[in-house]
Amino acid sequence: MNTRFGEYGGQYVPEVLVPALQELERSYEQAKRDPAFTKELESYNRHYGGRETPLYFARRITEMCGGARIYLKREDLCHGGAHKFNNVMGQALLAKRMGKNRLIAETGAGQHGTATAMAAAVLGMSAEIYMGEKDMARQRMNVFRMRLMGAKVHEVRSGSRLLKDAINEAMRDWAGSVESTYYLLGTAAGAHPYPTMVRDFQSVIGREIRQQLLEAEGRLPDLLVACVGGGSNAIGTFHPFLEYEGVRMLGAEAAGDGLQTERHSATLSCGEVGVLQGCKSYLLQDEHGMVKEAHSLAPGLDYPGVGPEHSFLKDIGRAEYVGVTDSQALEAFVMLSRTEGIIPALESAHAVHAGMREAEKMDGDEIVVITVSGRGDKDLETVFDMGVIE
Amino acid sequence: MSRLRDAFLRSRREKRMALVCYLMAGVPSPRSFIDHAMACLEGGADVLEIGIPFSDPVADGPVIQEASVVALRNGVTPPKVLDMVRELRERTDRPLVLMGYYNPIFRMGEEEFVKACVRSGADGLIVPDLPLHEGGSLRLACERNGIDLVQLSTPLTPEARHRALMNATSGFLYLVTRTGVTGGGSADGNGLFRMVERSRKNDSELPLAAGFGISSPEHVKAARETGVDGVIVGSALVSLTLLETSPQEVMTAVRELAKACAPG
Numbered sequence: 002m003n004t005r006f007g008e009y010g011g012q013y014v015p016e017v018l019v020p021a022l023q024e025l026e027r028s029y030e031q032a033k034r035d036p037a038f039t040k041e042l043e044s045y046n047r048h049y050g051g052r053e054t055p056l057y058f059a060r061r062i063t064e065m066c067g068g069a070r071i072y073l074k075r076e077d078l079c080h081g082g083a084h085k086f087n088n089v090m091g092q093a094l095l096a097k098r099m100g101k102n103r104l105i106a107e108t109g110a111g112q113h114g115t116a117t118a119m120a121a122a123v124l125g126m127s128a129e130i131y132m133g134e135k136d137m138a139r140q141r142m143n144v145f146r147m148r149l150m151g152a153k154v155h156e157v158r159s160g161s162r163l164l165k166d167a168i169n170e171a172m173r174d175w176a177g178s179v180e181s182t183y184y185l186l187g188t189a190a191g192a193h194p195y196p197t198m199v200r201d202f203q204s205v206i207g208r209e210i211r212q213q214l215l216e217a218e219g220r221l222p223d224l225l226v227a228c229v230g231g232g233s234n235a236i237g238t239f240h241p242f243l244e245y246e247g248v249r250m251l252g253a254e255a256a257g258d259g260l261q262t263e264r265h266s267a268t269l270s271c272g273e274v275g276v277l278q279g280c281k282s283y284l285l286q287d288e289h290g291m292v293k294e295a296h297s298l299a300p301g302l303d304y305p306g307v308g309p310e311h312s313f314l315k316d317i318g319r320a321e322y323v324g325v326t327d328s329q330a331l332e333a334f335v336m337l338s339r340t341e342g343i344i345p346a347l348e349s350a351h352a353v354h355a356g357m358r359e360a361e362k363m364d365g366d367e368i369v370v371i372t373v374s375g376r377g378d379k380d381l382e383t384v385f386d387m388g389v390i391e
Numbered sequence: 057m058s059r060l061r062d063a064f065l066r067s068r069r070e071k072r073m074a075l076v077c078y079l080m081a082g083v084p085s086p087r088s089f090i091d092h093a094m095a096c097l098e099g100g101a102d103v104l105e106i107g108i109p110f111s112d113p114v115a116d117g118p119v120i121q122e123a124s125v126v127a128l129r130n131g132v133t134p135p136k137v138l139d140m141v142r143e144l145r146e147r148t149d150r151p152l153v154l155m156g157y158y159n160p161i162f163r164m165g166e167e168e169f170v171k172a173c174v175r176s177g178a179d180g181l182i183v184p185d186l187p188l189h190e191g192g193s194l195r196l197a198c199e200r201n202g203i204d205l206v207q208l209s210t211p212l213t214p215e216a217r218h219r220a221l222m223n224a225t226s227g228f229l230y231l232v233t234r235t236g237v238t239g240g241g242s243a244d245g246n247g248l249f250r251m252v253e254r255s256r257k258n259d260s261e262l263p264l265a266a267g268f269g270i271s272s273p274e275h276v277k278a279a280r281e282t283g284v285d286g287v288i289v290g291s292a293l294v295s296l297t298l299l300e301t302s303p304q305e306v307m308t309a310v311r312e313l314a315k316a317c318a319p320g
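Top to bottom, those sequences are chains D and E.
If you're matching positions, the first sequence starts at 2 in the working numbering and goes up one per residue.
If you're matching positions, the second sequence starts at 57 in the working numbering and goes up one per residue.
Everything labelled a hint here was simulated from the structure, so no lab data went into it.
Some hints could be false.
Unchecked claim - In the SDA-like style, the derived pairs of lysine to any residue whose C-alpha atoms are separated by at most 25 Å in a straight line are: (1) D:Lys97 with E:Leu212; (2) D:Lys293 with E:Pro84; (3) E:Lys315 with E:Ser272; (4) E:Lys136 with D:Val274; (5) E:Lys71 with E:Gly320; (6) E:Lys136 with D:Glu273; (7) E:Lys136 with D:Leu243; (8) E:Lys171 with E:Pro214; (9) D:Lys293 with E:Asn130; (10) D:Lys135 with D:Thr4; (11) D:Lys97 with E:Gly245; (12) E:Lys71 with E:Glu261; (13) D:Lys362 with D:Phe58; (14) D:Lys293 with E:Lys315; (15) D:Lys97 with D:Thr4.
Using the sequences and the hints given, assemble the complete structure.
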């Protein structure tokens with residue numbers, strides 16, 4: 002298997018993890034070729050996860066923008082409330098196949114942790130979730146959900162006490178438990194083979210979009226839009242379309258307080274190449290290579306790194322990446338709720354904003370597909386506390 | 057022949073283990089660090105290992121993580137660590153090894169970083185998140201500039217890869233005594249014995265040093281039973297520096313460890 006996307010990717014991990022990553026790569030390759038594995042995953046996707054998710058023509062926001070026809074890919078309707086399910090189910094079945102019954106995972110917004118807790122429950126495995134102290138405070142409902150489903154949640158107090166630090170802690174756990182434990186990484190980043198494997202499991206999003214849009218419109222989209230933190234829902238949306246040159250791709254990064262400030266998570270827009278948590282990719286770092294703290298209102302986006310395939314797609318110009326600020330995302334969050342009756346996750350609201358701005362500039366016979374990666378119930382407390390809704 | 061390898065071969069001739077002491081640069085303060093480092097050398101350290109702080113030390117346990125935070129808060133950067141190495145080089149002939157994560161090295165540029173290490177008087181480099189198959193270009197840069205790049209092997213490393221690590225390492229081979237991160241717990245004596253045994257079968261000359269979980273004279277004595285050439289003590293000493301223990305007390309602790317390195 003190729004371990005890189007251009008110069009990006011690789012396997013920058015302590016030697017103690019190398020045998021485990023090699024075993025994982027071998028097991029994944031075997032599973033991928035085994036029709037029984039694919040069949041079991043498809044069965045869980047359909048009967049347990051609620052796939053396929055709808056591709057919904059959003060008439061009201063299309064009219065509001067007055068440009069391209071806007072479709073929403075409804076990953077918010079996936080079991081657990083986010084696209085995280087797709088990757089988790091695939092990896093949990095792989096872990097079971099490898100005979101590893103203890104799952105560990107990191108989580109930022111709590112969606113990946115929730116999906117991991119779900120998979121562990123339904124497959125009769127154990128799950129331990131690492132979550133930054135700050136994220137636990139702002140995503141309490143997901144902490145309750147994880148605990149309710151039987152997962153153990155570890156509060157991470159090191160570093161910036163956010164997603165990045167939860168990953169560090171999960172990697173430290175894995176270094177000491179690697180023979181019995183499966184590290185279920187939640188995004189298309191980290192050491193090889195995670196970026197490839199997570200992308201493959203998330204590509205169900207793009208494959209469904211292609212099929213559904215062909216049925217609805219008889220053609221491919223002109224533009225795909227998705228939010229990018231680590232980048233798993235975006236790469237899952239984009240990847241099945243990479244070969245179609247006419248399909249443009251746009252990733253919405255978190256610009257936080259603004260790209261000109263220090264408080265954002267726009268790794269691709271503002272970062273420089275570096276190595277963090279197993280892979281070479283763009284990275285928010287200082288002149289000495291120390292990783293900077295990322296900020297976003299959306300806890301699933303405040304990661305100072307990004308999946309290596311996005312770095313590659315940016316460099317070759319195949320995908321574009323823009324920053325969406327906290328206030329723009331918040332506006333889109335409220336707007337989509339009021340206009341379509343869909344409450345998006347704050348993460349997904351970044352994509353909604355970016356997609357609508359593009360759609361305005363496009364013609365009425367063009368098509369934009371925006372991936373709504375998750376639902377916003379988890380963010381209600383944050384949004385209410387900000388006084389947005391009376 | 058490198059100063060690092062020499063130090064191990066000398067202690068082997070003297071029928072004792074070499075003692076490698078690890079301290080985090082700039083902890084508890086840049087000034088006290090120099091005093092603590094000198095205390096280690098005066099207490100009997102054969103090699104001084106100097107940590108370069110990093111924002112995300114994934115191979116380290118809580119003690120060295122905390123030390124990284126303190127060092128970064130004290131404004132310690134890789135160039136400042138090299139300044140500290142230069143100062144120590146003027147005061148000792150013993151080998152100085154830097155241990156630091158890869159991103160700051162990549163950021164400065166591998167060749168430039170290695171050249172700066174050589175200029176400062178460092179003898180070796182350990183990069184805990186750069187496994188053998190990603191470290192080819194850094195290894196070449198180290199070879200070109202005459203500095204040792206030390207590889208790590210673990211109880212989980214398969215036989216063929218262990219042989220490859222033995223061939224690639226220079227100075228010595230770092231045997232990670234158990235899975236997990238630095239500090240806490242205790243070394244797995246049986247695991248270490250097997251690692252030493254399989255290493256010797258392949259190459260009886262290459263110096264072997266054991267680290268991770270060796271914190272007390274008792275652990276050092278247990279390691280000596282396995283026939284390993286040296287031990288690396290890190291978190292236990294870093295704990296002392298974090299508590300701002302006096303250099304005199306650090307020296308006493310090191311002296312106890314050094315005593316445990318010799319038979320009898």
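Going through the hints against the structure:
Taking the CA atoms of Lys97 (chain D) and Leu212 (chain E), the gap is about 21 Å. The hint holds against a cut of 25 Å. Simply put, Lys293 (chain D) and Pro84 (chain E) have alpha-carbon atoms about 23 Å apart, close enough for the 25 Å limit, and the pair holds. Restraint check for Lys315 (chain E) and Ser272 (chain E): satisfied, since their Cα atoms lie roughly 11 Å apart, inside the 25 Å limit. At most 25 Å may separate the alpha-carbon atoms for a hinted pair to count; Lys136 (chain E) and Val274 (chain D) meet this at roughly 23 Å.
Under the criterion of a C-alpha separation no larger than 25 Å, the hint pairing Lys71 (chain E) with Gly320 (chain E) is consistent with the structure, at around 11 Å. A threshold of 25 Å between alpha carbons decides the hint, and for Lys136 (chain E) with Glu273 (chain D) the separation of about 22 Å falls inside it, so the pair holds. For a cut-off of 25 Å, the pair hint linking Lys136 (chain E) to Leu243 (chain D) is broken: about 46 Å separates their Cα positions. With a C-alpha separation of about 33 Å, the suggested pairing of Lys171 (chain E) with Pro214 (chain E) is violated against the 25 Å cut-off.
For a cut-off of 25 Å, the pair hint linking Lys293 (chain D) to Asn130 (chain E) stands: about 17 Å separates their Cα positions. Distance check on the hinted pair: Lys135 (chain D) and Thr4 (chain D) sit about 33 Å apart at the alpha-carbon level, beyond 25 Å; violated. Restraint check for Lys97 (chain D) and Gly245 (chain E): the C-alpha separation of about 32 Å exceeds 25 Å, so the hint is violated. For the given pair, Lys71 (chain E) sits about 14 Å from Glu261 (chain E) by alpha-carbon distance, which is consistent with the 25 Å threshold.
A C-alpha spacing of about 18 Å is found between Lys362 (chain D) and Phe58 (chain D), which places the hinted pair at or below 25 Å, so the restraint holds. Distance check on the hinted pair: Lys293 (chain D) and Lys315 (chain E) sit about 43 Å apart at the alpha-carbon level, beyond 25 Å; violated. Only pairs whose Cα atoms come within 25 Å are accepted, and Lys97 (chain D) paired with Thr4 (chain D) is accepted, the gap being roughly 24 Å.
Of the hints listed earlier, those the structure fails to meet are numbers 7, 8, 10, 11, 14, in rising order.
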